[in-house]
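Engineer: What follows is the residue order along each chain.
Protein chains: 2
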Amino acid sequence: MAHPNLPKDEVVERLTRVFRREGYEGASLARLSEATGLGRSSLYHHFPRGKEDMAEAVLAASRDRIARLVLVPLAADGTVRERFVAMARGFGEFYGNGNQACLTELFGIGTPGKQFIPVLTIGIARMKQAIGDVLVEAGFDDALAQRRAEDALIAIHGALVLSRAGGSTALFQRVLEELPDRLLS
Amino acid sequence: MAHPNLPKDEVVERLTRVFRREGYEGASLARLSEATGLGRSSLYHHFPRGKEDMAEAVLAASRDRIARLVLVPLAADGTVRERFVAMARGFGEFYGNGNQACLTELFGIGTPGKQFIPVLTIGIARMKQAIGDVLVEAGFDDALAQRRAEDALIAIHGALVLSRAGGSTALFQRVLEELPDRLLS
DNA sequence: GTCTATAAGCAGATAGAC
DNA sequence: GTCTATCTGCTTATAGAC
Chain A
0 MAHPNLPKDE VVERLTRVFR REGYEGASLA RLSEATGLGR SSLYHHFPRG KEDMAEAVLA
60 ASRDRIARLV LVPLAADGTV RERFVAMARG FGEFYGNGNQ ACLTELFGIG TPGKQFIPVL
120 TIGIARMKQA IGDVLVEAGF DDALAQRRAE DALIAIHGAL VLSRAGGSTA LFQRVLEELP
180 DRLLS
Chain B
0 MAHPNLPKDE VVERLTRVFR REGYEGASLA RLSEATGLGR SSLYHHFPRG KEDMAEAVLA
60 ASRDRIARLV LVPLAADGTV RERFVAMARG FGEFYGNGNQ ACLTELFGIG TPGKQFIPVL
120 TIGIARMKQA IGDVLVEAGF DDALAQRRAE DALIAIHGAL VLSRAGGSTA LFQRVLEELP
180 DRLLS
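Protein chains in written order, with numbering that gives the first Met the number 0: chain A, 0 to 184; chain B, 0 to 184.
Treat each hint with caution, since some may be false.
What the hints assert, rightly or not - Chain B is faced by these chain A residues, among others (derived, beta-carbon under 10 Å): (1) GLY22; (2) VAL84; (3) ARG88.
To be verified - Taking lysine-lysine and the DSSO-like style, the derived pairs with C-alpha atoms no more than 30 Å apart in a straight line are: (4) B:LYS50 - A:LYS50; (5) A:LYS113 - B:LYS50; (6) A:LYS127 - B:LYS7; (7) B:LYS50 - B:LYS7; (8) B:LYS113 - B:LYS7; (9) B:LYS113 - B:LYS127.
None of these hints come from the bench; they were simulated from the model. For each residue, glycine too, the CB sits at the ideal point set by N, CA and C.
Please put together the full structure from these sequences, using the hints given.
Structural biologist: Listed below in structure tokens is the structure:
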């Protein structure tokens, strides 16, 4: 319905919303078509290999968004604590304050999910590295820095799962608030 | 193929394996049929409402298994630390040392997942309560006990997600090993 | 309690007009 | 770059024989 030449970024954003709500297998072409306002064939024009290509575009956009919301703030000016606070805010925005699921979680599931694992692995490693670098700068030795960075990512993703399953995002919010202290204690 | 009157427990166990590997939407009747050795119609004989009934049976069996592997050890005799160590071992077995996904994670996804949220919520609350009770017994005040119990569950589930996405279960194993110390420190 | 056969619908994907 | 129409295969689900 309507062909307003929606910019590709906006198309990918709408696809992302569906994938995050329904998961990879649950995101049917019907739903993706409806969310973008593009017919099936239009989607195939933009994404020749279909759902697979859409998922890859969504992952690439999410990688960029994580860079902007999390990695850039971590590498910015300011005290170490200020940067961790900014990072926590970034994670909060990226995950819709606990209401939006994580592609790491959704895209790793089942037979079709296997193909996405390498991309997800790289994304996680990048975040871990960025957090670890700041901790090293704060004076922690390398091993401890890596472990704490890992623990921070574990806490964020665990809180996300339990928030959804528990029906409340309070848990996720708490984890984010405590994150700077937990990293620096 | 073959009709050896497989005991229902064994059928549910095999269904569980498929659901945990493929997720709710990915677990097609074809795969469930193959895994159990029962034809489609036999499955409908045992589970009249189809996949939905199978998922409920799988959730009930998992609840029982968590009770046996985690809740019973937490309420057993022995020092507080010994019970937490036993609990960690129980979680390790339940999650196949990090190789088996969590139904909490898989069944909460997408449109069909909504109906399972209440059951998942109860399951999480029960585990949190059981851990919190032991911490109170160990002398922690109620609020701190609840928070630490929550943190433990967050760590376990977060580690599970990151282990799968990161391609290694080392992370999950580490979290389990550190769990007793983290709860009691 | 299991099977074979089949229905009805939706999945992903393509052809070709405009 | 979008559309309508269509294809094939797989999905859940049911009917009825044994």
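Engineer: Taking the numbered hints from earlier one at a time, note which ones the structure violates and give those numbers from smallest to largest.
Structural biologist: The structure breaks hints 2, 3 and 6; every other hint is satisfied.
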